[in-house]
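So the sequence lines, in the order shown, correspond to chains G and A. Quick note on the working numbering: the first sequence kicks off at 1 and runs consecutively. Quick note on the working numbering: the second sequence kicks off at 1001 and runs consecutively.
Calculated from the structure, these hints are not laboratory results. Among the clues, some could well be false.
In silico lysine to any residue, SDA-like type, Cα no more than 20 Å apart, as pairs [said to hold, decoys possible]:
| hint | chain 1 | residue 1 | chain 2 | residue 2 |
| --- | --- | --- | --- | --- |
| 1 | G | 112 | A | 1087 |
| 2 | G | 198 | G | 152 |
| 3 | G | 198 | G | 242 |
| 4 | A | 1109 | G | 277 |
| 5 | G | 74 | A | 1050 |
| 6 | G | 181 | A | 1050 |
| 7 | G | 112 | A | 1101 |
| 8 | G | 90 | G | 125 |
If you want the ones that stay clear, here's a sample from chain G, every Cβ over 10 Å from chain A, calculated [what the hints assert, rightly or not]:
| hint | residue |
| --- | --- |
| 9 | 82 |
| 10 | 93 |
| 11 | 122 |
| 12 | 137 |
| 13 | 156 |
| 14 | 168 |
| 15 | 204 |
| 16 | 223 |
| 17 | 258 |
| 18 | 276 |
| 19 | 281 |
Being a predicted model, the structure only gives us computed values, none of them experimental. Just so it is clear, CB atoms sit at the ideal spot from N, CA and C, and this is done for glycine as well.
Each chain is listed here by its residues.
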Amino acid sequence: MNKDTILHDHNYDGINRRGFLKCMAWAGTGAFCVIKGGVLKSYSLSRIAEIGAHEAKGELSFVQISDSHMGFDKAANPDVVGTFKAAIEKINALPVAAAFILHTGDVSHLSKPSEFDTVDQLLKSASAQDVFLVPGEHDLLNDDGKQFLDRYGKGTQGAGWYSFDKNGVHFIGLVNVLNLKAGGLGSLGAEQLEWMGKDVKHLSKSTPIVVFAHIPLWSVYPEWGWGTDDSAQALSYLKKFGSVTVLNGHIHQTMQKVEGNITFHTAASTAFPQPKPGEAPSPGPMKVPAEQLRTLLGVTNVNYLRGRHALAVVDSNLI
Amino acid sequence: MTTRSLTITAALLLAWLSGGGSQNGLAANTAGAGNMEAAVKIDNFSFTPALVTVPVGTTIRWTNRDDIPHTVVADDTSFKSKALDTDEEFTYTFTKPGTYGYFCSLHPKMTAKIVVE
Chain G
1 MNKDTILHDH
11 NYDGINRRGF
21 LKCMAWAGTG
31 AFCVIKGGVL
41 KSYSLSRIAE
51 IGAHEAKGEL
61 SFVQISDSHM
71 GFDKAANPDV
81 VGTFKAAIEK
91 INALPVAAAF
101 ILHTGDVSHL
111 SKPSEFDTVD
121 QLLKSASAQD
131 VFLVPGEHDL
141 LNDDGKQFLD
151 RYGKGTQGAG
161 WYSFDKNGVH
171 FIGLVNVLNL
181 KAGGLGSLGA
191 EQLEWMGKDV
201 KHLSKSTPIV
211 VFAHIPLWSV
221 YPEWGWGTDD
231 SAQALSYLKK
241 FGSVTVLNGH
251 IHQTMQKVEG
261 NITFHTAAST
271 AFPQPKPGEA
281 PSPGPMKVPA
291 EQLRTLLGVT
301 NVNYLRGRHA
311 LAVVDSNLI
Chain A
1001 MTTRSLTITA
1011 ALLLAWLSGG
1021 GSQNGLAANT
1031 AGAGNMEAAV
1041 KIDNFSFTPA
1051 LVTVPVGTTI
1061 RWTNRDDIPH
1071 TVVADDTSFK
1081 SKALDTDEEF
1091 TYTFTKPGTY
1101 GYFCSLHPKM
1111 TAKIVVE
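With the rest of the complex left out, here is chain G (with noise of 0.2 Å):
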């Protein structure tokens, strides 16, 4: 029986670290977490249906979808919509509803306008009708991200980075996809780690943090340039905090760290995947056989419940 209780130690944060990174393991065959009062279950994908409303339910939930890539019609899925659609359905099937869907960035795969009006028209259908979106590459082309301003920038920052709150949970949203100097990584600039800094100043230390980024905040593959140049600066603001979230997209794939206080998740796309680090000659798109391809796309559920602990993130296929 996939199940594991396991007790409350002395880390601050309440996770066994053993256990915790046990459950990690697992969520790349599809588990199912949760952290609550200090102690984590985690749960098979296969048995998510026997989970109680009760156990899934926190005090806030919400999906992360990433990587659309809208307007891609390349081998390996010519059916980028077919797919965004199979994600909302999983998104409209969890237990418990989404309060809202974080969209981290290539929305489309060419900013044109089109494309931003396929997701815009395909996310109507979804449950959760609050979408929280930060560019990635893709959705600024050609114009330094004007489009994608005037379309989803509304009481952004700079660039379009913000923050909000939701139900006791400071969300981060930032932009690491402008300005990126030759040889280089992802970047966020001066000016936007200047307003993060003042931005989580004033929260208590006890507030949970997450921030939502294109580009991975840490250090996945720099080779392929899978990290994000000035990051560490952005991280050393959020050391004082107990419980933080990374959510990123960008390398069409989940993969989990975990460093000090602070979780690092980056997400599936819904359009295609691309290799794992250093397994092909380029992170391009990865072509596999059109009966695999839903099970490397996905959404990724996050639960919040009230508490000194970490934010329980899922990653399920569109199987």
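Add chain A to chain G, keeping to what the hints say.
Showing chain A alone in chain G's frame:
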């Protein structure tokens, strides 16, 4: 990924178009040095060759062979393409000697150089 810095000599690479270039609108800035063209392929998130040495007046033609868009942007922004989708091209004619570093502004790990002599 290994660095694939190849120096291709002008003799190997240059296509002498002798008038064909003007049909393609490529000979606008050749500054009297002839209608010379060299090709750089964008493939597997790399510019190939990564180092091209050409005479003044040469037009470089970049072609994107990836399933993902890329750009061609000079480090000093003296030239800059739009986003190139699969099979789209960008050309730029080099009228002054110098070393021109450039990169893909979407995937900045992609860097390469044109040396104009």
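Hints and how they fare:
{"no.": "1", "hint": "112(G) - 1087(A)", "result": "18 Å, holds"}
{"no.": "2", "hint": "198(G) - 152(G)", "result": "23 Å, violated"}
{"no.": "3", "hint": "198(G) - 242(G)", "result": "18 Å, holds"}
{"no.": "4", "hint": "1109(A) - 277(G)", "result": "15 Å, holds"}
{"no.": "5", "hint": "74(G) - 1050(A)", "result": "26 Å, violated"}
{"no.": "6", "hint": "181(G) - 1050(A)", "result": "18 Å, holds"}
{"no.": "7", "hint": "112(G) - 1101(A)", "result": "29 Å, violated"}
{"no.": "8", "hint": "90(G) - 125(G)", "result": "12 Å, holds"}
{"no.": "9", "hint": "82", "result": "18 Å, holds"}
{"no.": "10", "hint": "93", "result": "31 Å, holds"}
{"no.": "11", "hint": "122", "result": "22 Å, holds"}
{"no.": "12", "hint": "137", "result": "5 Å, violated"}
{"no.": "13", "hint": "156", "result": "22 Å, holds"}
{"no.": "14", "hint": "168", "result": "37 Å, holds"}
{"no.": "15", "hint": "204", "result": "38 Å, holds"}
{"no.": "16", "hint": "223", "result": "6 Å, violated"}
{"no.": "17", "hint": "258", "result": "27 Å, holds"}
{"no.": "18", "hint": "276", "result": "15 Å, holds"}
{"no.": "19", "hint": "281", "result": "5 Å, violated"}
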